[in-house]
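Single-letter residue listing:
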Amino acid sequence: LAKTTQPISMDSYEGQEVNITCSHNNIATNDYITWYQQFPSQGPRFIIQGYKTKVTNEVASLFIPADRKSSTLSLPRVSLSDTAVYYCLVGSSGTYKYIFGTGTRLKVLA
Amino acid sequence: GAVVSQHPSWVICKSGTSVKIECRSLDFQATTMFWYRQFPKQSLMLMATSNEGSKATYEQGVEKDKFLINHASLTLSTLTVTSAHPEDSSFYICSARSDRGEETQYFGPGTRLLVL
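Residue numbers (the numbering used here), protein chains in the order written: chain A, 31 to 140; chain B, 34 to 149.
No lab work stands behind these hints: they were computed from the structure.
Be careful, since some hints might not be right.
As the list claims (entries may be wrong) - Heads up, incomplete: computed chain B residues facing chain A, CB under 7 angstroms, no partners named:
1) Phe72
2) Ser76
3) Thr82
4) Glu85
5) Gly86
6) Ser122
7) Gly141
8) Pro142
9) Leu147
10) Val148
11) Leu149
To be verified - When the alpha-carbon atoms are kept at most 20 angstroms apart in a straight line, the in silico EDC-like pairs for lysine to aspartate or glutamate are as follows:
12) A:Lys127 <-> B:Asp132
13) A:Lys127 <-> B:Glu120
14) A:Lys33 <-> B:Glu92
15) A:Lys84 <-> B:Glu96
16) A:Lys137 <-> A:Asp41
17) A:Lys127 <-> B:Glu96
18) A:Lys82 <-> A:Asp97
19) B:Lys99 <-> B:Asp132
20) B:Lys88 <-> B:Asp98
21) A:Lys127 <-> A:Asp112
22) A:Lys127 <-> B:Glu135
23) A:Lys84 <-> B:Glu135
24) A:Lys137 <-> B:Glu92
25) B:Lys97 <-> B:Glu55
26) B:Lys97 <-> B:Asp121
27) B:Lys74 <-> A:Asp97
28) A:Lys82 <-> B:Glu135
29) A:Lys99 <-> B:Asp121
30) B:Lys74 <-> A:Asp112
31) B:Lys47 <-> B:Asp121
32) A:Lys127 <-> B:Asp60
33) B:Lys47 <-> B:Asp60
34) A:Lys82 <-> B:Glu136
Glycine residues also receive a C-beta, built at the ideal position from the N, C-alpha and C atoms.
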């Protein structure tokens with residue numbers, strides 16, 4: 031089974047840009063890459079989704095290289111409220127095989 | 034938009050009893066819903082894919098007779114944990130994919146199950 035790995039934890043200061051990577055070497059052709067934020071005892075909250083190249087929305091950017099074996103979530107200016115666990119999810123409705131990454135615990139310091 | 038609810042938010046039950054968890058898409062139709070399980074400090078693991086009007090597809094290692102899934106309408110899927118045991122204690126989270134052709138899954142708030 032394909033593994034989707036992320037760094038276990040990261041620390042950052044308020045106002046800094048944070049980049050979190052996800053490695054998904056066995057990504058399938060039809061798979062999308064989606065990033066979620068999760069607070070304790072809550073369901074994951076959608077951040078951004080992409081298939082290739084770069085996607086940007088009002089809260090984040092997602093960078094996907096040409097080989098799609100990894101992806102990077104970029105949070106432009108983090109605040110204390112961004113302290114959470116961030117997950118990448120790889121999969122598609124074509125196969126219904128969805129694999130969550132191992133999760134990255136981001137701690138934002140004042 | 035894209036709101037998913039779950040009920041109950043938490044449940045405590047005795048070993049051997051059955052527990053039903055509901056998952057509803059509130060403002061969109063979802064032919065496909067998913068059920069995940071998350072143990073403390075761990076990532077989410079897909080348990081099964083639920084399609085309206087058909088049998089659910091279970092992931093390897095998930096007992097279909099223990100985790101009964103019913104997807105009777107385009108906005109409701111239920112997960113019943115039958116004969117629950119303490120090792121079934123976990124955080125159960127559902128998600129729904131909109132019928133508008135999107136690939137995005139929208140997640141419910143989760144249900145904390147504690148089996149005594």
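Consistency of the hints with the structure:
Taking 7 angstroms as the C-beta cut-off, the interface hint given for B:Phe72 is violated, the closest approach to chain A being about 12 angstroms. Interface hint status for B:Ser76: upheld, as the beta-carbon distance to the closest one in chain A is roughly 5 angstroms, under 7 angstroms. At a threshold of 7 angstroms, the smallest CB-CB gap from B:Thr82 to chain A is about 5 angstroms, leaving the interface hint in force. A least Cβ separation of about 14 angstroms between B:Glu85 and chain A goes past the 7 angstroms threshold, and the interface hint is therefore violated.
A distance limit of 7 angstroms between C-beta atoms decides the matter here; for B:Gly86 the minimum to chain A is near 16 angstroms, and the interface restraint is violated. The restraint placing B:Ser122 at the interface with chain A is violated, with a minimum CB-CB distance near 14 angstroms, outside the 7 angstroms limit. Look at B:Gly141: its Cβ gets to within about 5 angstroms of chain A, closer than 7 angstroms, so that hint holds up. Taking 7 angstroms as the C-beta cut-off, the interface hint given for B:Pro142 holds, the closest approach to chain A being about 5 angstroms.
A distance limit of 7 angstroms between C-beta atoms decides the matter here; for B:Leu147 the minimum to chain A is near 13 angstroms, and the interface restraint is violated. Hint on B:Val148 is violated. Least Cβ distance to chain A is approximately 17 angstroms, over the 7 angstroms limit. Nearest Cβ of chain A to the Cβ of B:Leu149: about 19 angstroms, over the 7 angstroms cut. The hint is violated. The suggested pairing of A:Lys127 with B:Asp132 holds, with an alpha-carbon distance near 18 angstroms, which does not exceed 20 angstroms.
Between A:Lys127 and B:Glu120, the direct Cα distance comes to roughly 25 angstroms. Violation of the 20 angstroms bound is thereby established for this hinted pair. For the proposed pair A:Lys33 and B:Glu92, the alpha carbon gap of about 15 angstroms is at most 20 angstroms, so the pair holds. Of the pairs offered as hints, the one joining A:Lys84 and B:Glu96 is violated, with about 40 angstroms between alpha carbons and a cut-off of 20 angstroms exceeded. For the given pair, A:Lys137 sits about 5 angstroms from A:Asp41 by alpha-carbon distance, which is consistent with the 20 angstroms threshold.
Of the pairs offered as hints, the one joining A:Lys127 and B:Glu96 holds, with about 18 angstroms between alpha carbons and a cut-off of 20 angstroms not exceeded. The straight-line distance between the Cα atoms of A:Lys82 and A:Asp97 is roughly 9 angstroms, inside the 20 angstroms bound, and the hint therefore holds. Restraint check: the Cα-Cα separation between B:Lys99 and B:Asp132 comes to about 28 angstroms, which exceeds 20 angstroms; the hinted pair is violated. A distance of roughly 12 angstroms separates the Cα atoms of B:Lys88 and B:Asp98; the hinted pair therefore holds under the 20 angstroms criterion.
Taking the CA atoms of A:Lys127 and A:Asp112, the gap is near 29 angstroms; set against the 20 angstroms cutoff, the hint is violated. Distance restraint check for A:Lys127 and B:Glu135: the Cα-Cα separation of roughly 16 angstroms lies within the 20 angstroms cut-off, and the hinted pair is therefore satisfied. For the hint linking A:Lys84 to B:Glu135, the alpha-carbon distance of about 18 angstroms falls within 20 angstroms, and the restraint holds. Distance check on the hinted pair: A:Lys137 and B:Glu92 sit about 33 angstroms apart at the alpha-carbon level, beyond 20 angstroms; violated.
Among the hinted pairs, B:Lys97 with B:Glu55 is consistent with the structure: their alpha-carbon atoms are about 17 angstroms apart, no more than 20 angstroms. With a CA separation close to 14 angstroms, the supplied pair B:Lys97 and B:Asp121 stays within the 20 angstroms bound. Under the criterion of a C-alpha separation no larger than 20 angstroms, the hint pairing B:Lys74 with A:Asp97 is inconsistent with the structure, at around 31 angstroms. Restraint check: the Cα-Cα separation between A:Lys82 and B:Glu135 comes to about 16 angstroms, which is no more than 20 angstroms; the hinted pair holds.
Of the pairs offered as hints, the one joining A:Lys99 and B:Asp121 is violated, with about 34 angstroms between alpha carbons and a cut-off of 20 angstroms exceeded. Of the pairs offered as hints, the one joining B:Lys74 and A:Asp112 holds, with about 18 angstroms between alpha carbons and a cut-off of 20 angstroms not exceeded. Taken as a hint, the B:Lys47 and B:Asp121 pair is honoured in the structure, with Cα atoms around 11 angstroms apart against an allowance of 20 angstroms. Simply put, A:Lys127 and B:Asp60 have alpha-carbon atoms about 25 angstroms apart, too far for the 20 angstroms limit, and the pair is violated.
Restraint check: the Cα-Cα separation between B:Lys47 and B:Asp60 comes to about 34 angstroms, which exceeds 20 angstroms; the hinted pair is violated. Restraint check: the Cα-Cα separation between A:Lys82 and B:Glu136 comes to about 14 angstroms, which is no more than 20 angstroms; the hinted pair holds.
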